[in-house]
Amino acid sequence: MKKKILSLLLAGTMIVSLTACGGGSSSDTEAANESAQESVTAEDGAADAGTDAAVPVELTVTTTFAGEDGNAQNFKDAVAAWEAETGNTVADTSATSDETFKTRVVTDFETGSEPDVLFFFNGADANSFIEAGKVVSIDEIRAEYPEYAANMNDDLIADSLVDGKKYAVPVNGYWEAMFVNMEVLDAAGVALPGADYTMDQFKADCEKIKAAGYAPIAAALGNIPHYWWEFAIFNNQSPADHLEIPASASDANGQAWVAGMNDIKELYELGYFPENTLSATDDETFAMFTEGKAAFLIDGSWKVGGIVSACQSDPEDPATLDTEKLSHFEVTYVPSKGGERKATDLVGGLSMGYYITKKAWDDPDKRAAAVSFVEYMTSDELVPVFAQHTASALKAAPEVDESQFNELQVKAMNMMAGVTSLTGAVQDLFQGDCRVPTFDGMPEIVTGKVDAADAVAEGLDIYNNQ
Amino acid sequence: MSSNIYRDKKPVVVFLIPAFLFMVVYLYYPFFRNIINSFRQIKQLGSSGTGWNSPWYTNYVEMLYDDIVWVSLKNTLIMMVVTIVGQVGIAVVLALMVDNIGRGKQFYKTVFFFPIVISATALGLLFNLIFLYDKGMINQILESLGKTTLTDWKAEGIALVTMMLPVMWQYVGFYFVILVTGLNNIPDELYEAARIDGAGTWQKVRYISVPLLHNVICTCCVLAVTGALKVFDLPWVMFPKGMPLKTTFLTGTYMYYHTTQTKNVDYGSALAVLIVVLGIVLSKVVNWIFKEKDY
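As you go down the protein sequences, you meet chains U and H in turn. For the first sequence, our numbering assigns the number 1 to the initial residue and increments by one for each residue that follows. For the second sequence, our numbering assigns the number 1001 to the initial residue and increments by one for each residue that follows.
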């Protein structure tokens, strides 16, 4: 009998403890909701986000300022400064910007574990959580905080593809261009490409570089073909129609896409990509570029930080920068095919920005802190630090002090000065499994296992059925 | 008194309930939910989808015509053979050799078991460096021996071997430890009697160790085959997205690829159902083939 009572007590304790866990969270939620209503009422009329945060709170923040991103350290410094100024703390879950990061963020929203503030893409990637009403529009925030993003030029803030509203406050823009390792070019007797660089000149240069024993193009077609995909298509279009997704592979734009894929195939067949381009990762081909084994790298403005890190004996310590090694790197324009796109027409824009989630907005303890955080990160003082050689949306952008930048950043600013147009990336609008036939299928296209026209048609079919 | 403890089953049932509930919440519910998901249109992880596929069994039909499914099934079957021959086979040889040495048994046990305690992800990164095209360990060794060109160990023809070698190597120690324990359970008297009868080392192995190890080897084979179905992390770290040319996909990595990379979650769910069905069928077949003997 004693054993029965004991066993029942033990089992009962377990069940009660399990129930208590669930019940506790439920009652906590109710209490939080009640508290939220009370606090919102108390805060009505409070418009100064900086002074609202009476009780220090912890904000969860996700950005792409991590890893090799050139602004990773700037972000850490800015967060530390904001924490010191407000007494709030930040739980930073930033990660390198890639498909895994995008999936993680979108999944966090789906499962209700989104951060309070996020720095994320403003294109089709954000559609799912905007459709679900899980982020707050800038206009809604301005209704309570009129000064929110008041320093930004609204015309430069991207409209959501879902409802046309503006949600993300931009900080720094991006550009995609061609990095060059001059050590390789010098060894092959090739001059630095200029603003009128054509595809024919590019192929001639690649031939010389290949003959000298180097890989002309650093790209992992089996891993990250994105940049070549974008420019190969762009080369067969004009800046005016680059962002139009074709209705089918047979219309004019569709034909441009097919021609772009075939252009990459031609470069592959000519042997201009590394021998292991189908089995290498992007990190491997990037290492080939920085170590002087490959000549050209098409990539984004964020790669400036990666190249600088590769020139430091300690990637974490800027003081260890080898300026001599860095001086071998240049950044220039992407060769044109001689059509409507000029070499100086690049891909770029303001594709990301700070969102405040509905979860944080509805939390009376976090609302003011979240607004304060975004206002701090998008202030006139901090935006130029992050934007550097890229565009910003500031109404009154201050003069850039070049002395604080390294040599590659200065070269990037000079290159940007010659840009004739910046067009967004069409792949930001062409999201999901529609990309698979031409992104993940790039190895099959360049090896001739799949016809480029079939791959483009398959991707467009999926896109049109989404 | 002792028999009374086991006569009344109610306390046992009560104690089983929490574990049962845990299984229901974290295993059975997700499993049945996954079956439902495989019939729906789901583009985001965590979402319940936007509707039903039309027809509802679309994903299962698509699977039949998806060449990569057949590639991943073929690779998974090869992986099973590799695990039986490479893992259990090598482990048997190593166990018999270690059992026949006088000193240093513990040393070898520790050395062979060591790879098990390292995470598969870390091992994947380690072997990535070993097989790296430029400045990888193997290519550097070959270069020092006079080879003038680099070998791409992840190229189409050889990628599968490069992927399976580390997987095989990692789990040899696991089966080795099980087999050594099995050998320790064979009574010394049998070996002593054989020695008195004039049996040599090979004869003792052939007529005593191997026959008495039969059931342990069968258990190892069942574990190896079912384990091969679950191999995921090391191949994914070394060959993401089935690189090169989608030739290195296993059923697990292909399911993960669709679920997280192509945002075709419902197709990933259908592949997960296929993996479960395959697991049940294969475990039955393997249990039937490697039937244990009664002594």
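Since the hints were made in silico from the structure, they are not lab data. Among these hints, one or two may not hold up.
[To be verified] Okay, the calculated bits of chain U under chain H, using three or more residues with CB under 8 Å as the criterion:
1. 89-103
2. 279-286
3. 437-447
[Unchecked claim] Dumping the calculated DSS-like pairs for lysine-lysine here, alpha-carbon to alpha-carbon at most 25 Å:
4. Lys325/U x Lys210/U
5. Lys1147/H x Lys210/U
6. Lys325/U x Lys1147/H
7. Lys1135/H x Lys293/U
[Stated by the list, open to error] One side of the interface only, derived from the structure: several residues of chain H facing chain U at Cβ under 8 Å:
8. Lys1043
9. Gln1044
10. Leu1045
11. Gly1046
12. Ala1155
13. Asn1184
14. Lys1241
15. Thr1262
16. Phe1290
17. Lys1291
For each residue, glycine too, the CB sits at the ideal point set by N, CA and C.
Comparing the hints with the structure gives:
1. 89-103: Coverage by chain H holds here, the residue count being 3 at a Cβ distance below 8 Å.
2. 279-286: holds (count 4)
3. 437-447: holds (count 4)
4. Lys325/U x Lys210/U: holds, 22 Å
5. Lys1147/H x Lys210/U: Answer holds: Lys1147/H to Lys210/U is near 20 Å, not above 25 Å.
6. Lys325/U x Lys1147/H: It is violated: about 29 Å lies between the C-alpha atoms, which goes past 25 Å.
7. Lys1135/H x Lys293/U: Distance of about 12 Å is within 25 Å: holds.
8. Lys1043: Interface hint status for Lys1043/H: holds (6 Å vs cutoff 8 Å).
9. Gln1044: Hint on Gln1044/H: holds, closest Cβ of chain U at ~5 Å, below 8 Å.
10. Leu1045: holds, 4 Å
11. Gly1046: Nearest chain U Cβ about 3 Å off; hint holds.
12. Ala1155: holds, 6 Å
13. Asn1184: violated, 37 Å
14. Lys1241: Hint on Lys1241/H: holds, closest Cβ of chain U at ~6 Å, below 8 Å.
15. Thr1262: holds, 4 Å
16. Phe1290: violated, 36 Å
17. Lys1291: violated, 39 Å
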